[in-house]
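Between the sequences and the hints, there should be enough to build the whole structure, so can you do that?
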Amino acid sequence: MASYTSEELLIATIADMLQPARHIAVGVLSPIPGSAALLARARSGNTKKVSIIGSMEEPYRTDGGVDLFDCAAQGRIDAFFLSGGQIDGQANINLTGIGDYPRQDVRWSGAFGSAYLYFLVPRVILFREEHSRRVFVPKVDFISAPGTSAPNVYRPGGPHALVTGLCVFLFERARGRFRLASVHPGHSVEEVRDETGFDFDCPDQVPTTRTPDDATLGLVREQVAPAIASPYPAFARRVWPQAVA
Amino acid sequence: MASYTSEELLIATIADMLQPARHIAVGVLSPIPGSAALLARARSGNTKKVSIIGSMEEPYRTDGGVDLFDCAAQGRIDAFFLSGGQIDGQANINLTGIGDYPRQDVRWSGAFGSAYLYFLVPRVILFREEHSRRVFVPKVDFISAPGTSAPNVYRPGGPHALVTGLCVFLFERARGRFRLASVHPGHSVEEVRDETGFDFDCPDQVPTTRTPDDATLGLVREQVAPAIASPYPAFARRVWPQAVA
Amino acid sequence: MNDSSSALLLDSVDTLAARIADGAKVALFKDCGVPMALGRALVRRQARDLHLVTVPTGGMLPDLLIGAGCVATVETAGVTLGEFGLAPRFIAAVKSGAVTIRDATCPAIYAGLQAAEKGIPFMPLRGLIGSDVLASRADFKVIDNPFGDDDPIVCLPAIRPDCAIFHAPCADRDGNVYIARQAEMKILAHAARESFVTVERIVDFNLLEDDKLAPATLNALYVSGIAEAPGGAAPLNLPGHYDYDTDAIRAYAKAAATPQGFRDWLAAHVLVPTGAAA
Amino acid sequence: MNDSSSALLLDSVDTLAARIADGAKVALFKDCGVPMALGRALVRRQARDLHLVTVPTGGMLPDLLIGAGCVATVETAGVTLGEFGLAPRFIAAVKSGAVTIRDATCPAIYAGLQAAEKGIPFMPLRGLIGSDVLASRADFKVIDNPFGDDDPIVCLPAIRPDCAIFHAPCADRDGNVYIARQAEMKILAHAARESFVTVERIVDFNLLEDDKLAPATLNALYVSGIAEAPGGAAPLNLPGHYDYDTDAIRAYAKAAATPQGFRDWLAAHVLVPTGAAA
Chain A
0 MASYTSEELL
10 IATIADMLQP
20 ARHIAVGVLS
30 PIPGSAALLA
40 RARSGNTKKV
50 SIIGSMEEPY
60 RTDGGVDLFD
70 CAAQGRIDAF
80 FLSGGQIDGQ
90 ANINLTGIGD
100 YPRQDVRWSG
110 AFGSAYLYFL
120 VPRVILFREE
130 HSRRVFVPKV
140 DFISAPGTSA
150 PNVYRPGGPH
160 ALVTGLCVFL
170 FERARGRFRL
180 ASVHPGHSVE
190 EVRDETGFDF
200 DCPDQVPTTR
210 TPDDATLGLV
220 REQVAPAIAS
230 PYPAFARRVW
240 PQAVA
Chain B
0 MASYTSEELL
10 IATIADMLQP
20 ARHIAVGVLS
30 PIPGSAALLA
40 RARSGNTKKV
50 SIIGSMEEPY
60 RTDGGVDLFD
70 CAAQGRIDAF
80 FLSGGQIDGQ
90 ANINLTGIGD
100 YPRQDVRWSG
110 AFGSAYLYFL
120 VPRVILFREE
130 HSRRVFVPKV
140 DFISAPGTSA
150 PNVYRPGGPH
160 ALVTGLCVFL
170 FERARGRFRL
180 ASVHPGHSVE
190 EVRDETGFDF
200 DCPDQVPTTR
210 TPDDATLGLV
220 REQVAPAIAS
230 PYPAFARRVW
240 PQAVA
Chain C
0 MNDSSSALLL
10 DSVDTLAARI
20 ADGAKVALFK
30 DCGVPMALGR
40 ALVRRQARDL
50 HLVTVPTGGM
60 LPDLLIGAGC
70 VATVETAGVT
80 LGEFGLAPRF
90 IAAVKSGAVT
100 IRDATCPAIY
110 AGLQAAEKGI
120 PFMPLRGLIG
130 SDVLASRADF
140 KVIDNPFGDD
150 DPIVCLPAIR
160 PDCAIFHAPC
170 ADRDGNVYIA
180 RQAEMKILAH
190 AARESFVTVE
200 RIVDFNLLED
210 DKLAPATLNA
220 LYVSGIAEAP
230 GGAAPLNLPG
240 HYDYDTDAIR
250 AYAKAAATPQ
260 GFRDWLAAHV
270 LVPTGAAA
Chain D
0 MNDSSSALLL
10 DSVDTLAARI
20 ADGAKVALFK
30 DCGVPMALGR
40 ALVRRQARDL
50 HLVTVPTGGM
60 LPDLLIGAGC
70 VATVETAGVT
80 LGEFGLAPRF
90 IAAVKSGAVT
100 IRDATCPAIY
110 AGLQAAEKGI
120 PFMPLRGLIG
130 SDVLASRADF
140 KVIDNPFGDD
150 DPIVCLPAIR
160 PDCAIFHAPC
170 ADRDGNVYIA
180 RQAEMKILAH
190 AARESFVTVE
200 RIVDFNLLED
210 DKLAPATLNA
220 LYVSGIAEAP
230 GGAAPLNLPG
240 HYDYDTDAIR
250 AYAKAAATPQ
260 GFRDWLAAHV
270 LVPTGAAA
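Chains as they are written, first to last, in numbering that gives the first Met the number 0: chain A, 0 to 244; chain B, 0 to 244; chain C, 0 to 277; chain D, 0 to 277.
Don't read these hints as lab results, they were simulated from the structure.
Be aware that a few hints might be false.
Quick list of in silico lysine-lysine cross-link-like pairs, BS3-like style, CA-CA up to 25 Å [to be verified]:
#  : chain 1 : residue 1 : chain 2 : residue 2
1  : D       : K211      : A       : K138
2  : D       : K211      : C       : K211
3  : C       : K94       : B       : K138
4  : D       : K140      : D       : K24
5  : D       : K24       : D       : K94
6  : D       : K94       : D       : K253
7  : D       : K140      : C       : K140
8  : C       : K211      : C       : K94
9  : C       : K140      : C       : K24
10 : C       : K140      : C       : K253
Under 10 Å between C-beta atoms, here's a sample of chain B residues computed to sit facing chain D [what the hints assert, rightly or not]:
#  : residue
11 : S50
12 : P58
13 : D62
14 : V65
15 : D66
16 : F68
17 : D69
18 : C70
19 : A72
20 : G74
21 : R75
22 : Y153
23 : G164
24 : E194
For each residue, glycine too, the CB sits at the ideal point set by N, CA and C.
This is the structure in structure tokens:
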């Protein structure tokens, strides 16, 4: 089996989760989710549609923000990605800041589309490469977008999984909790516990995250790398120096 | 003074009412109001904007219905025209039909934009050439759009005047009644009373409608006639056989 | 370009018409781009119980579908043949009760579709209060503006058609449709679950890759089926392609004035193989 | 073409900036067409107390205006320099309380503007319930969906800016503005009382008479002033004209990290006559 990079493992892991999606949207500053979406598209014989916010390239360009948000509310976007400066065990995400609002000790950019898309896109995959107690906290300081809602709140969408540099959690909506689904090769359940500030469910046996096979690596390097280089040139050059001119 | 046709009298009369308007919109099947709008525009040195629904010609073309209705609600349309199969003394208009709704004895096309634009455009001019008790009734059978509203109803717009083949009524919003403002040359207050089914206010002395002067007739025949021939070719050919090729 | 998208290109207008189920709520665009050929195909396949939504008004197409017995309900701000007079089959059907009429006002139809486009359950709209249009619509609600003080405002429920149908100048092989100046076709297509489109021709380049055409192009994401139908809006007009055939429309208006005249017109102009139709 | 419209064409970006009053609510477009030259002119004229509405997010332009002391309030779904990092002057001003922050989410900004565009007092929007974004906004209200059964939904008040500002590829002498693929500029222009626009160039034909350009053209009806400003979006991009000047943006990000660095950057790049600016 060919060797792979940590980025390629994450791309392949996320792409597996996108298999049922017909239309995948990708937000800004998301090279690994974007690559995963392109891998899922390549695997589908290019029948999936991928919209990359900010891309100027067909077929990834969107008609603009209004169209994208409307499209999500129409039920025409099946998968999306979110991240957070903080993420807690109820899958609440914080993109706004730390400390007493509004004059917070740490201020980030803001909620962007999260407080909307998290409710409407059926399969939202949380992705944060840094796996630390700084990020994965017992309770976020500011809920930019909540992980769960009361039963009477209109919410066809929500969190499906949390993918990190160490592991994969699946989110169980009925229980409102994460369950450790796999740990990446070279890492351990203990390491995940040490670096995670929130409580999560953990089976007795936690499998190792499936590593990318040769076919997957071929698609990634031959088709995904050149395509993701358009919105993310620096990322593509760093990860695939040979594949990207 | 040059002779004029009845259409030219109506066009000039309506154009006088459009003097304060910066943007005038004209609906479908409205050749005389459309001509009046173009006359008002010509008099302004073409600084007024005129939007003619259905026109394919710049500068009269609209961006489509949504844009036009939004534009009215933004307060960017100052004058518009409505008509009615029936119109009553409270300026209620009926574009829908006569008899018990919905299976009416007489059915017309429908309310079109009246139930909205009548509320939002500050100066709505009602125009109906046929002046008869069939049209001007005590109470319309179906209120497609009401002439007046309760004080708490958001209504920056409403009826300004009713122009007919016999006369001009001005609408007094505070009283919710029409007042006879002028009678066209060759007609009398008695004739207006005989042909009007609703009660209206009438001063002791009713002036004769001002007839178009030479400058006005010149503008109408040289500038308005060729311009209105684009949306209304049959009308223009009938009224100005010389001016329109 | 991809393999699945070309599946959007169907072999005929009749194949397209077969995709529109009896009972479907069908949005009809009123402006340049009325899908007359597709309407005739719906008559040929004897579509039944359609719920027409005219966007926002209608003319010959809803009159034809109503006259041919395809329609159970018509939701409209008005149906008319314009300078050719009232719409005779529409009026006869409303008066007889053969169709259920849901009267609206133009911006209310747009607002209902825009609510569906935005995935919200309703949209507020000014106007309407005190009209019998509002009184006749139990599904329109008046609420107190939550941002006002004693300020009643109408809320309109979302209108989500099962399908939108329209005719456009061209489409590409990926299923993107050039709609030219008819920007409102996007509202229809976004609001409806599916869109079925006829076009003058199929082009061999991707419309979205052309910087001048892209802003007026509907993404294939919203399109469920396309058929090439040259002259597909005739006898109505398509700017830059053909003008109104006023003789043909006048002949329709005259024929449709009576049930027998309408039946004769159908026999001569619709119930004939595709391609031979007026 | 008419006499009054040409009055829309102003002689410089600084003349245009003089039309934007202190205290104005100003909508800033985030995508291709950020009016950087006009922003620099606002700094030069020492604009004060602006209420910025980023549509829906923002980057270098609001950061610059905030850093230069032009801003009292910023209503935004997020301000960031993207791959160049967080927006340093925005963050410093929020943390110090020098500006009032009104956090939103992207579609809430669009919905507020669309409510103003449609002349309705509010627009419903899904999502937001249970977020601290909602909790922080006393002006957002949750009502019971009048068409639902125990279905809470957020209603957002209309956002009506005093003016919208943006940069576009070209305008004609009648004041029509070609906005290319940036269809959302129309929402800004419709929602705002006035629109002030900079363009790469003035063209000598009427844009609305060109069938290919017209669908992507904003009608002069919505435009209050235009100034020619070649490179007016630089160092940001304008597709088909110029790409991002990444060195210049990186230099800004680095300089703006400290108050002194920002002041030096202003002195070098903004407080110089028009034309010499970076």
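Status of each hint after checking the structure:
1. D:K211 to A:K138: 53 Å, violated
2. D:K211 to C:K211: Answer holds: K211 (chain D) to K211 (chain C) is near 6 Å, not above 25 Å.
3. C:K94 to B:K138: Holds: K94 (chain C) and K138 (chain B) sit about 22 Å apart, inside 25 Å.
4. D:K140 to D:K24: With Cα atoms ~22 Å apart, K140 (chain D) and K24 (chain D) stay inside 25 Å; holds.
5. D:K24 to D:K94: 22 Å, holds
6. D:K94 to D:K253: With Cα atoms ~19 Å apart, K94 (chain D) and K253 (chain D) stay inside 25 Å; holds.
7. D:K140 to C:K140: 19 Å, holds
8. C:K211 to C:K94: Not OK: K211 (chain C) and K94 (chain C) at ~48 Å, beyond 25 Å, violated.
9. C:K140 to C:K24: 22 Å, holds
10. C:K140 to C:K253: Distance ~40 Å between K140 (chain C) and K253 (chain C) Cα, so the pair is violated.
11. S50: With Cβ-Cβ at 9 Å, under 10 Å, it holds.
12. P58: Hint on P58 (chain B): holds, closest Cβ of chain D at ~7 Å, below 10 Å.
13. D62: Because about 6 Å separates D62 (chain B) from the closest Cβ in chain D, which is inside the 10 Å limit, the hint holds.
14. V65: 9 Å, holds
15. D66: 8 Å, holds
16. F68: 8 Å, holds
17. D69: 5 Å, holds
18. C70: Holds. Min distance 7 Å.
19. A72: 2 Å, holds
20. G74: OK, holds: G74 (chain B) within 10 Å of chain D, min 7 Å.
21. R75: 6 Å, holds
22. Y153: 8 Å, holds
23. G164: 33 Å, violated
24. E194: 38 Å, violated
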